[in-house]
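J.: Sequence:
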Amino acid sequence: MGTFEIRSKAEREVAADVAKIGITFKSSGTRTDKVSADVMDACERFLGEIAELGIEPKDVHISDDAVSSMYSYRDDDKEDARRRLEITTAIDMKLINTLRSILQKGEYDFFFSVDQSISNKDEIHRELVKEALLNSRKSAEDLAESMGMRVDSIESLEEEGDLSLLLCEQERGIADYNEESTDYPKSNELGARIIKEEAEIRVKWRIV
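Its first residue numbered -1, the sequence shown is counted upward by one per residue in the working numbering.
Among the hints, a few may not be true.
As the list claims (entries may be wrong) - Straight-line alpha carbon distances no greater than 30 Å define the calculated BS3-like cross-link-like pairs of lysine-lysine that follow: (1) K128 with K92; (2) K92 with K24; (3) K119 with K103; (4) K56 with K92; (5) K119 with K7; (6) K136 with K194; (7) K56 with K18; (8) K103 with K56; (9) K184 with K18; (10) K128 with K194.
It is worth saying that the hints were derived from the structure and are not from the lab.
When you get a sec, could you build the whole thing from the sequences and use the hints?
T.: Structure, rendered in structure tokens:
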């Protein structure tokens, strides 16, 4: 009777299915009220434009809203205003391109970003842990058989890396968006980011 430890890994490439679209309106100047008004006006104008696409303000979330001062010995003190809006939805390149096109054509002062993620990350991770465990057991059985013994049970199991599972919840988003973005027909067909998910475990097997 004895024990031995086996490391095992399982991995899978998964296409992202959730997009968090971030739009930050920005303005800089010497007057706080002016830069603040610029950002708020830009935000209001943009919300009006996307409402024509069927995207209501309730589908948009505000994540950052600030006015800050930047001091300089050479120039006048500058005020900086920013407001960030986020839209979380199923990945749709037509929608992403359309929103970006609206911002460009409207000559907004903005930052634009798209973060892609997997909606069922925790479920996939659990499946990978099970797969890694099956691989580990097969290796343990082969090793035990070569020694004229058999696997009896698991003495311990540890997962490598961060054990926390972060569920990416898909918030209320934009469903069934079918409006064509005619400016970027090729970009509209781009696929989602491919994310490699993996699980690595250490299993101590008891053999008899």
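J.: Of the numbered hints stated earlier in the document, which are not met by this structure?
T.: Those not satisfied are hints 1 and 3.
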